Amino acid sequence: MTRTRLLAALVMAPVAIAAILLLPTDWMMALAAVVFLLGLWEWFDLAEIEDTLARTVLLVAHLALMVALIWASWSSEGFSLVLLKLMTMIGVIWWLLALAWLGRSRFASDHDTHARVFKLAAAALAVIPAWCALAWIHASEPNGHRWLLTALMVVWAADTGAYFSGRKLGGKLFKDRKLAPKISPNKTIEGLVGGMLLAIVVGVLLSLLAGAGIAQLPAVALVSLLAALFSVVGDLFESLLKRHAGVKDSGNMIPGHGGILDRLDGVLAALPAFALGKALLGF
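Be aware that the sequence shown starts at 1, since it is given in the UniProt record's numbering, and climbs by one per residue.
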């Protein structure tokens with residue numbers, strides 16, 4: 001599994017990096033919308049929306065909201081980021097509220113209409129703000145494309161660091177204490193610590209390439225840590241949805257990684273946190 005996971009990553013990573021660094025923001029937003037909507041389609045599975053027509057209508061509704069946000073952001077003076085920033089803030093608030101849901105893991109687990117409503121609302125609050133945050137980071141000056149790469153690499157580093165440190169050290173430092181045993185029994189505190197450390201290192205190093213000054217590195221380290229922690233919340237939240245639905249992965253599109261949503265869960269939570277933190281701390 002590790003070899004398959006690595007080979008898939010070696011194929012996906014260059015494509016993603018090239019798109020981030022070479023595409024203009026409008027094309028980057030379009031490509032990201034496609035990827036995010038594919039992840040949203042898998043989210044509908046976890047919310048147990050089985051009717052194809054209903055799923056299609058929901059997907060089109062989310063696409064329409066994306067288009068509406070772009071249309072409303074244009075004026076005679078050019079493109080405004082105000083609505084994207086507002087949606088990003090909503091995303092950060094949502095993921096903070098999601099912590100309460102994680103603390104009550106049985107909430108909305110009864111497979112009825114009300115549970116689906118909550119999970120569909122969570123989908124919109126996760127996908128749309130993350131897409132807006134991605135656009136905001138990529139459009140920022142200077143070097144927005146490099147800052148977006150930094151944000152995504154922080155998430156990937158947190159995931160990779162957690163995976164390998166959890167495998168090597170899991171249960172050895174914190175006496176078999178699990179991170180969230182009711183939601184994801186395999187996640188360890190050792191994995192969390194390893195992931196956070198690698199995320200900070202990667203965030204700081206790549207920020208230098210993005211143009212950060214030495215004096216800004218503590219702020220970058222703090223935002224990288226916060227974004228990595230948010231990515232863990234996103235990962236745990238998807239694990240909760242999968243546990244409710246009784247499935248191991250959100251799909252099987254990516255060998256060794258599961259579905260698109262399995263790769264996006266941390267990104268959806270981390271991007272709003274990184275974008276807002278970057279703006280507030282001024283780097």
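Hints in this document: simulated from the structure, not taken from any laboratory.
The reader is advised that the hints may include incorrect statements.
Dumping the calculated SDA-like pairs for lysine to any residue here, alpha-carbon to alpha-carbon at most 20 Å [said to hold, decoys possible]:
id	residue 1	residue 2
1	K168	P24
2	K248	P181
3	K172	L197
4	K85	K248
This one's a predicted model, so the numbers in the text were calculated from it and none came from an experiment.
Looking at the structure, which of the earlier hints fail to hold? Hints 1, 4 contradicted; others consistent.
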